[in-house]
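S.K.: Sequence:
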Amino acid sequence: MKAVILDAASLGDDIDLSPLHAAVDSLEVHAHTAIDERQARLDNADIAITNKVVLDGDLLASLPDLKLICVLATGTNNIDMETAQARGIEVRNVSAYGTASVAQHTLMLMLALANRLPLYMRDVAAGRWNDSALFCLLDHRTLQLADKHLVIVGHGELGRAVAQLAEAFGMRVTFAARPGNEAQDSRPSLASLAGELDVLSLHCPLTEQTRHLVDAEMLARFKPSALLLNCARGGIIDESAALDALRGGSLGGLGVDSLPQEPPREGHALISAMHEALNLIVTPHSAWISPEARANVVSLTRDNLHQWLASRA
Numbered sequence: 001m002k003a004v005i006l007d008a009a010s011l012g013d014d015i016d017l018s019p020l021h022a023a024v025d026s027l028e029v030h031a032h033t034a035i036d037e038r039q040a041r042l043d044n045a046d047i048a049i050t051n052k053v054v055l056d057g058d059l060l061a062s063l064p065d066l067k068l069i070c071v072l073a074t075g076t077n078n079i080d081m082e083t084a085q086a087r088g089i090e091v092r093n094v095s096a097y098g099t100a101s102v103a104q105h106t107l108m109l110m111l112a113l114a115n116r117l118p119l120y121m122r123d124v125a126a127g128r129w130n131d132s133a134l135f136c137l138l139d140h141r142t143l144q145l146a147d148k149h150l151v152i153v154g155h156g157e158l159g160r161a162v163a164q165l166a167e168a169f170g171m172r173v174t175f176a177a178r179p180g181n182e183a184q185d186s187r188p189s190l191a192s193l194a195g196e197l198d199v200l201s202l203h204c205p206l207t208e209q210t211r212h213l214v215d216a217e218m219l220a221r222f223k224p225s226a227l228l229l230n231c232a233r234g235g236i237i238d239e240s241a242a243l244d245a246l247r248g249g250s251l252g253g254l255g256v257d258s259l260p261q262e263p264p265r266e267g268h269a270l271i272s273a274m275h276e277a278l279n280l281i282v283t284p285h286s287a288w289i290s291p292e293a294r295a296n297v298v299s300l301t302r303d304n305l306h307q308w309l310a311s312r313a
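The UniProt record's numbering applies: residue 1 is where the sequence shown begins, and numbers increase by one.
Because the hints were derived from the structure by calculation, they are not lab data.
Please note that a few of the clues may not be correct.
Capping the alpha-carbon separation at 20 Å, the derived lysine to any residue pairs in SDA-like fashion look like this [said to hold, decoys possible]:
| # | residue 1 | residue 2 |
| --- | --- | --- |
| 1 | 2 | 44 |
| 2 | 223 | 147 |
| 3 | 52 | 302 |
| 4 | 223 | 247 |
| 5 | 148 | 188 |
| 6 | 52 | 296 |
| 7 | 67 | 83 |
| 8 | 2 | 19 |
| 9 | 2 | 40 |
| 10 | 2 | 84 |
| 11 | 52 | 234 |
| 12 | 2 | 37 |
Given only the sequences and the hints, what does the whole structure look like? Please build it.
M.R.: Next comes the structure, spelled out in structure tokens:
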């Protein structure tokens with residue numbers, strides 16, 4: 001079996017790929033693959049391994065030997081699943097590989113925003129502490145997490161891991177009902193919780209039901225001190241509305257690890273706003289990137305290869 005990795009660089013150059021080499025007869029590794037390079041690289045390949053390279057219907061239709069696509073991530077939105085199914089191409093992804101890494105990153109955002117770290121770091125760098133009449137700076141009201149209400153959208157492994165960490169800080173945690181399924185869900189809706197939450201953390205997929213889940217109308221219900229965290233997918237919040245709320249003082253802090261377009265080649269309003277005196281943190285989709293999480297991706301992909309090969313034996 002010949003396998004081809006199209007974007008190995010997405011795992012970093014410090015991750016051992018030998019488990020994948022050992023799983024197949026031949027493994028061809030490419031750090032990056034441009035759109036116009038996909039066809040030639042996958043020609044005669046039995047297995048395509050990709051993280052974010054788009055495998056569209058026209059491409060899949062031109063690859064008669066392709067039998068399996070292994071996605072080095074949970075999301076499969078870069079694969080034309082309908083065409084793959086029609087052509088008998090199996091698609092296998094990986095999940096729960098970065099739970100500890102993403103949960104840690106989420107708590108980092110929460111703690112930094114609660115303590116107004118972006119604002120106080122800016123003040124110290126500007127020399128305001130040097131010139132203070134007091135021994136400390138008191139300009140930005142912080143948020144003690146103990147006894148505060150964290151609402152989480154997404155009751156999967158990641159959401160539960162964040163809840164466990166938050167409870168260690170003494171927070172009260174509520175899981176909101178699945179968006180779009182509120183009528184059949186015994187949990188309270190996000191809309192009903194919006195006015196009482198202190199922190200909202202999103203750990204749900206981007207779907208038609210979750211796109212702009214947190215919009216201007218939802219944000220208007222929040223306490224002015226509330227913190228909004230998105231370590232899921234860009235577009236689940238209306239980033240423009242959230243930035244307006246932050247600038248207007250009706251949102252206490254905003255931390256995002258994803259944007260609607262990645263990488264943001266044309267820039268983004270949130271990135272530009274990082275130059276302003278706002279309680280804002282934008283990280284480059286890096287919540288998942290601990291070495292342990294990236295090694296887990298390789299291990300889980302190896303398992304996918306072994307299971308698929310065994311099913312054909």
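S.K.: Each hint needs a verdict: does it hold in this structure or not?
M.R.: Hint-by-hint comparison with the structure:
| no. | hint | verdict |
| --- | --- | --- |
| 1 | 2 / 44 | holds, 8 Å |
| 2 | 223 / 147 | holds, 16 Å |
| 3 | 52 / 302 | holds, 18 Å |
| 4 | 223 / 247 | holds, 14 Å |
| 5 | 148 / 188 | holds, 17 Å |
| 6 | 52 / 296 | holds, 17 Å |
| 7 | 67 / 83 | holds, 12 Å |
| 8 | 2 / 19 | holds, 15 Å |
| 9 | 2 / 40 | holds, 14 Å |
| 10 | 2 / 84 | holds, 18 Å |
| 11 | 52 / 234 | holds, 15 Å |
| 12 | 2 / 37 | holds, 17 Å |
The structure is consistent with each of the numbered hints, conforming to all of them.
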